[in-house]
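Chemist: Chain by chain, the residues run as shown.
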Amino acid sequence: MSQEPKPSATPSRLDPELTARRDFLGTAATTLACGTCGFALLGSARLPKVAVLPSASKKFKVVLPPSLLPGQPFVPPGRSVAIFKDGDSVHAISTICTHLGCVVKPVESGFDCPCHGSRFAANGDVVRGPAPKALAWLSVSSAGGGAVLVDEGKVVPAGTKVSV
Amino acid sequence: MSGLPTETDGGPALGRFADNLKRIPRRFLETMFRGGRPDSDRGRSNFVFQNVFLHLHSVRTHRWSLKWSTTWGLGMITLGSFLVTVVTGVLLMFYYKPYPDVAYQSIKDIHFVVPTGHFLRNIHRWAANIMVVGVLLHMARVFFTASYRKPREFNWVIGMLLLPVTLGLSFTGYLLPWDQLAYWAITIGANIAQSPREVTDALGITQQFDPGGLQKLILLGSDEVGEEALIRFYLLHVLILPLVLCFLVAVHFWRVRKDGGLARPADVDVRLPPPERRTFPVFTEAPAKTYSLAAVVKSRTPAVGNPPENTVPSMPHLFYAEAAVFMLTIFLCVLLSLFIDAPLKEIANPLVPENPAKAPWYFLGLQELVAHSAFMGGIGIPMITLLGLALIPYLDREKAGTGLWFGGSGGGRLVAMSAAYGLAAVLVVEAVAIRFGWLQQWWPGCPQLLIILLNPGTVLTVLYGIWSVWVVKRFDSTRAGALGLFACFMAGFIVLTVVGTWFRGPNWEFYWSPSQWPGH
Ligand code: HEM
Ligand code: FES
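Quick mapping for you: the protein sequence lines, in order, are chains A and B. For what it's worth, our numbering labels the leading residue of the first sequence as 1, then goes sequentially. For what it's worth, our numbering labels the leading residue of the second sequence as 165, then goes sequentially.
Treat the hints loosely; a few may be bogus.
EDC-like cross-link-like pairs, simulated, lysine to aspartate or glutamate; straight-line CA separation at most 16 angstroms [what the hints assert, rightly or not]:
hint, chain 1, residue 1, chain 2, residue 2
1, B, Lys272, B, Asp505
2, A, Lys49, B, Glu392
3, A, Lys133, A, Asp112
4, A, Lys59, B, Asp387
5, B, Lys231, B, Glu486
6, A, Lys49, B, Glu388
7, A, Lys58, B, Glu388
8, A, Lys58, A, Glu152
9, A, Lys49, B, Asp374
10, A, Lys154, B, Asp387
11, A, Lys49, B, Asp387
12, A, Lys58, B, Asp387
13, A, Lys133, B, Asp365
14, A, Lys59, A, Glu152
Everything labelled a hint here was simulated from the structure, so no lab data went into it. Nothing here was measured: the structure is a model prediction, and the numbers come from that model.
Please model the complete structure; the sequences and the hints are all you need to start from.
Modeler: Below, the structure is given as structure tokens:
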């Protein structure tokens with residue numbers, strides 16, 4: 001503060017100011033303030049991304065009806081998964097369309113999607129677009145006593161069958 | 165004592181008190197107006213200038229801006245219908261409960277039990293639709309009158325933000341009733357947000373890099389449409405998006421005023437008929453004051469250098485026009501609400517998709533494209549379109565035709581030609597896709613990347629692009645190219661929307677009329 005440059009002529013508010021040090025402090029403070037706010041905002045932007053999926057558990061146990069024929073889909077009530085049983089080999093295919101998430105209907109030839117007309121073969125492969133990929137195969141395991149445990153949240157490679 | 169006003173005139177205090185008591189209503193009215201009652205041009209101008217709400221307008225308005233054919237009142241219709249949705253929306257919030265299933269019941273209550281609820285809900289729905297139509301037509305009028313040019317480029321960009329915000333408001337509102345229509349439209353919408361996976365899957369990098377999955381997760385707050393999604397959509401609908409919209413609208417209006425009012429042709433004075441009797445130009449009297457802020461005002465100040473100014477006082481001329489449009493908007497909302505109910509289907513059922521599951525009408529054109537490639541139809545092409553539109557004022561920097569309908573090289577004839585071309589192109593592409601199918605049907609094993617690059621949407625985009633490049637060359641004018649492209653875009657938008665709305669039935673198959681839909 002000691003040697004402020006002496007104004008030479010009559011000062012005018014239009015003259016550029018000379019106090020470089022105040023400029024420096026001001027700029028530093030502004031940058032710091034903006035940076036802090038930016039950082040805080042950036043940090044809180046993480047909030048909307050859920051850490052734990054709030055949806056209900058995707059695992060369920062089900063007893064397959066004894067009358068189930070090979071190649072015939074069984075869709076447990078309230079679930080979007082088709083379970084097939086051939087002898088004692090079991091597999092499960094998701095009935096969520098890979099295009100935009102409608103629920104496909106099991107039909108004679110496989111699965112049909114009501115939303116944009118995708119068709120899938122019985123093994124989930126795309127027969128007709130717009131679905132970009134095959135229906136997902138889901139993890140199944142034996143839960144003892146004729147029941148199977150299906151995990152709708154766990155995708156397994158197509159063709160994975162387990163014996164129960 | 166003689167010169168004092170009557171209020172303090174003699175008599176006992178009690179008498180004066182009684183007098184004052186009697187005068188309260190009149191005196192109160194007088195105190196509302198800081199400058200006295202506005203009863204002359206000058207008084208009214210002063211009033212507009214001094215009033216916190218009115219001074220969003222400039223004090224005087226150019227007569228060109230008041231011609232109906234300049235704007236057709238479309239911006240005001242959009243604002244008016246927004247205000248109607250705000251009022252009716254806040255009223256609906258008294259009863260609406262944003263929780264799955266409960267939400268559906270509360271809408272049913274609003275519809276069947278709440279006094280005036282049915283009517284208010286209808287008005288809210290209709291005003292929302294009118295707002296979407298309004299914003300689209302408003303954009304078209306600004307484009308066709310070449311009103312986006314210097315110095316209004318930035319305001320056009322603000323408008324390009326207002327468009328998606330308006331659509332977003334409407335779309336988030338669509339989920340709130342929690343019926344089948346709502347649930348499946350939002351499921352499809354959320355999966356469109358996820359559709360960049362189509363590309364990352366095709367490239368085999370989804371494991372490492374999954375922007376699509378992240379978008380869906382943030383939008384829904386979960387992996388499926390449930391309570392989290394409903395609360396998020398509710399919050400967006402009643403708070404975040406309206407606030408963003410108000411903020412943008414404020415900037416939008418401010419810029420309209422500061423960019424010198426509405427765009428008008430350079431030779432506007434010869435185009436206008438002589439003013440009506442009893443409208444006075446400003447400079448019949450010398451201005452009594454100078455603007456003390458003039459020192460910081462750069463560039464154009466309103467009247468400098470424009471001697472025959474051809475303006476009229478905003479109050480009452482502009483205000484009458486605004487009020488008329490606002491009344492028309494309300495009239496339309498009420499009329500439609502009297503005769504056509506807002507839809508409400510069965511309660512949402514995550515296991516049985518609505519068939520056909522249709523988005524709100526203004527997205528059905530996109531849904532038509534989505535039925536070939538989710539990513540291109542839902543994200544790629546809308547992005548290209550918005551970006552293309554936003555860049556128009558930076559690409560067309562010509563001067564001819566500003567402020568005139570179909571102004572600029574080519575004019576109305578070019579627009580008609582381009583619309584015909586655009587129409588033909590979209591009809592042919594759609595006809596082929598409907599009659600013969602597309603790549604996936606011709607070649608079942610076809611790689612996904614090829615479909616993403618080559619589908620009806622991208623083919624149309626390219627056809628339109630080629631046309632506009634050709635037009636630029638043919639007329640040697642960028643404005644002509646823009647006119648051609650915009651006319652094509654409108655033709656495409658309208659045809660796709662119409663097909664999606666009326667000609668698509670169960671399984672998204674083509675039907676000439678809903679009466680042919682297989683029964684269900
Ligand atoms: C620009 C504005 C707006 C648009 C385009 C819009 C659009 C919509 C739409 C399409 C619906 C579905 C209506 C229905 O099914 O009946 C809806 C519902 C709703 N909106 Fe808005 N809205 C807007 C502004 C607002 C505002 C500002 C609020 C409150 C502050 C609000 C509160 C509500 C509520 C509570 C519902 C649920 C009631 C219902 O579905 O009938 N809206 N909105
Ligand atoms: S959601 Fe299945 S075809 Fe679109």
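Chemist: State for each hint whether it applies.
Modeler: Each hint, compared with the structure:
1. A threshold of 16 angstroms between alpha carbons decides the hint, and for Lys272 (chain B) with Asp505 (chain B) the separation of about 13 angstroms falls inside it, so the pair holds.
2. Our distance criterion of 16 angstroms between C-alpha atoms is met by Lys49 (chain A) and Glu392 (chain B), whose separation comes to about 11 angstroms.
3. Distance restraint check for Lys133 (chain A) and Asp112 (chain A): the Cα-Cα separation of roughly 14 angstroms lies within the 16 angstroms cut-off, and the hinted pair is therefore satisfied.
4. Restraint check for Lys59 (chain A) and Asp387 (chain B): satisfied, since their Cα atoms lie roughly 15 angstroms apart, inside the 16 angstroms limit.
5. Between the alpha carbons of Lys231 (chain B) and Glu486 (chain B) the distance comes to roughly 12 angstroms, so the proposed pair stays at or under 16 angstroms and holds.
6. Between Lys49 (chain A) and Glu388 (chain B), the direct Cα distance comes to roughly 14 angstroms. Compliance with the 16 angstroms bound is thereby established for this hinted pair.
7. With a C-alpha separation of about 12 angstroms, the suggested pair Lys58 (chain A) and Glu388 (chain B) falls inside the 16 angstroms cut-off, and the hint holds.
8. With a C-alpha separation of about 5 angstroms, the suggested pairing of Lys58 (chain A) with Glu152 (chain A) holds against the 16 angstroms cut-off.
9. Distance check on the hinted pair: Lys49 (chain A) and Asp374 (chain B) sit about 14 angstroms apart at the alpha-carbon level, within 16 angstroms; holds.
10. Our distance criterion of 16 angstroms between C-alpha atoms is met by Lys154 (chain A) and Asp387 (chain B), whose separation comes to about 13 angstroms.
11. A C-alpha spacing of about 11 angstroms is found between Lys49 (chain A) and Asp387 (chain B), which places the hinted pair at or below 16 angstroms, so the restraint holds.
12. With a C-alpha separation of about 11 angstroms, the suggested pairing of Lys58 (chain A) with Asp387 (chain B) holds against the 16 angstroms cut-off.
13. For the proposed pair Lys133 (chain A) and Asp365 (chain B), the alpha carbon gap of about 9 angstroms is at most 16 angstroms, so the pair holds.
14. Restraint check: the Cα-Cα separation between Lys59 (chain A) and Glu152 (chain A) comes to about 6 angstroms, which is no more than 16 angstroms; the hinted pair holds.
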